[in-house]
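Peer 1: Could you build all of it, start to finish, from the sequences and the hints given here?
2 protein chains.
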Amino acid sequence: MKAAVPQILTPDQAAALEVLSQGSRFLLSGHVKPDGDCLGSQAALARVLEKLGKEVWIVNPDPVEERYEYLSREVRFRTWSGGDLPTHDVEVFLDFCELSRTGPLEKALAAHPSKKVIVDHHLFHGTPWWQAAFVDSRAAATGVLVHRIARALGVELDSVAALGVFTALVTDTGWFKYSNTDAETFGIASELVAAGCDPSRVFDSIYQRAPRSEPRGIGRALSRLEYFADGRLAVVDLPRAAAGEEDLADTDEVLDILRAVRAVEVVLFLREQKDGSTKLSARSKTEFDVNQLARRFGGGGHAKASGATLAGPLADAREKLIAGALEQLGVHAASS
Amino acid sequence: MKAAVPQILTPDQAAALEVLSQGSRFLLSGHVKPDGDCLGSQAALARVLEKLGKEVWIVNPDPVEERYEYLSREVRFRTWSGGDLPTHDVEVFLDFCELSRTGPLEKALAAHPSKKVIVDHHLFHGTPWWQAAFVDSRAAATGVLVHRIARALGVELDSVAALGVFTALVTDTGWFKYSNTDAETFGIASELVAAGCDPSRVFDSIYQRAPRSEPRGIGRALSRLEYFADGRLAVVDLPRAAAGEEDLADTDEVLDILRAVRAVEVVLFLREQKDGSTKLSARSKTEFDVNQLARRFGGGGHAKASGATLAGPLADAREKLIAGALEQLGVHAASS
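The listed protein sequences derive, respectively, from chains B and G. Each residue of the first sequence is one higher than the one before, counting from 1318 in my numbering. Each residue of the second sequence is one higher than the one before, counting from 1318 in my numbering.
What the hints contain is simulated information worked out from the structure, not anything from laboratory work. We put the beta carbon where it would ideally sit given N, CA and C, even for glycine. Heads up, a few of these hints could be off.
Unchecked claim - Facing chain B, according to a computed beta carbon distance under 8 Å, are these residues of chain G, among others:
| # | residue |
| --- | --- |
| 1 | 1440 |
| 2 | 1442 |
| 3 | 1443 |
| 4 | 1446 |
| 5 | 1504 |
| 6 | 1507 |
| 7 | 1510 |
| 8 | 1511 |
| 9 | 1526 |
| 10 | 1532 |
| 11 | 1545 |
| 12 | 1549 |
| 13 | 1572 |
| 14 | 1575 |
| 15 | 1577 |
Stated by the list, open to error - Just so you have them, the derived chain B footprint on chain G, three or more residues with Cβ under 8 Å:
| # | segment |
| --- | --- |
| 16 | 1369–1375 |
| 17 | 1489–1501 |
Peer 2: Structure follows, in structure tokens:
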């Protein structure tokens, strides 16, 4: 089955396809700590371009997390460690549109005389620094755009490309839960499963690999929960684990549990870092814009999910963030 | 977009459609404690039959859980409290095939001279007691079958019917995670979302309604975790909440967190009950059959999810269950 959305390309998208068609040696690059959408989109686009007879290298600033090993077994993801980049005439950036997000790779990529193409679903407010862009900020994932590119180029996704797009879809929609999950997302998922993707195996690979210490770490975090504004704001602040305590590898589970409370609109999860700074993960269930909150503290992200790193001790960061969130909620500080 | 599966009906299914087409007054009934697949399928089939000019009553042995209020606001679900059934010529049973599962309704339904039709995706090994059956045990949910029925009858799903089928799909596939999630599931989901279903709103209604005490209750449970057999067995035993502690309304979240640990194969969650007995919830991630374990203690369920209630104090029940699980795992008792 083909997905529902009619394949109408914008002039910019058509121009990007032209650059992809014309190039012969491609370097695909991702952002620091590449996530499922970034890696899955790279895997899929690499396969599509290779099917068209192109040479493709994937070079990222960071290695692939173990949870995506089912992709890295099939596709070679290189991690840049300095030195020359492979010979290439086109650079494709997937799932971001600020070149600085390539971290240590930025200089080498910028200095290279290749054509730059971005494939992304994030909003961008700066001056374009690329030659071509395949962008749609309404797409649920960058993987959706790679799927559209493959169709437009007349390339059928093989099983590895299908796994890549599926990985992109599920990680960026919170496994079909977030409000970006649309008919196109499900339509593509149907096509990918018909092509052999196994949802329960992908789920196990990505989400069923927690270390044994994880449940106690989650328990420790939850024991520090405090509500504000009649439960509309939930705050957890986690000092660095003391000896004998369990560290928390993954914060998503804690955020999900707090979001599942009916009254909760906003979740702030603060973790003390090694260097004494405080890392914020903020989530919203409603119209509350956590991007707006995070930007006030030097961070950012999406309206529903954002983050920031605040200098100074945990208690100070906590106080400021709670005050900021309560102000944005239109209420004044009082624990409840 | 229409779902992928070609609409080829078995002779039995065609006969069932004939009964649905011919009938004029329908009584739809569900099993005790009707779940999302049962209620969603009833809502959808009621709308489809009404569109064909039929009269429809939904009469269940138990009321609708609050989490499905978005359906019960749109469709009238009656709860039987004795007395005469509404006048009808066809009874349709959704999501089960043993009449005893209608509990207190069984006698009245069986005694009525109406035609009996079942719509179901469970295996049945007995002697058919119905006049017609629309059954496919490979379907991910009964809601999938109602979707097929609507298509075969040429009825377009309205927004309420779409919500019903979507509810059926997501609750019976564990929100697209279980191994029954297939291309047809995603294809139908795509169609329903295109017709106006909002996945994140349905998710919120079903799963985002925890009380404020829930996260601390989960935290308390997780703090009592102990592993056995190199982490293959995870055990949590929860005494009744003392004053000032948080009680746990829903155990699924705790079970999911433990199941997400890579090493874990079996999870035993034991809760002390008011009457001093111990309630077991057991889950398996592998071939380990928790039904076999639960049956040894007077309970049962499925291979992957079972339960039991054990007389006597928590500590005794815990010791016996751990010994039983370790035996079944083929290892001897030693905490690890």
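Peer 1: Of the hints stated earlier, which fail here?
Peer 2: Hints 1, 2, 3, 4, 11, 12, 13 and 16 are the ones this structure does not satisfy, whereas the remaining hints hold.
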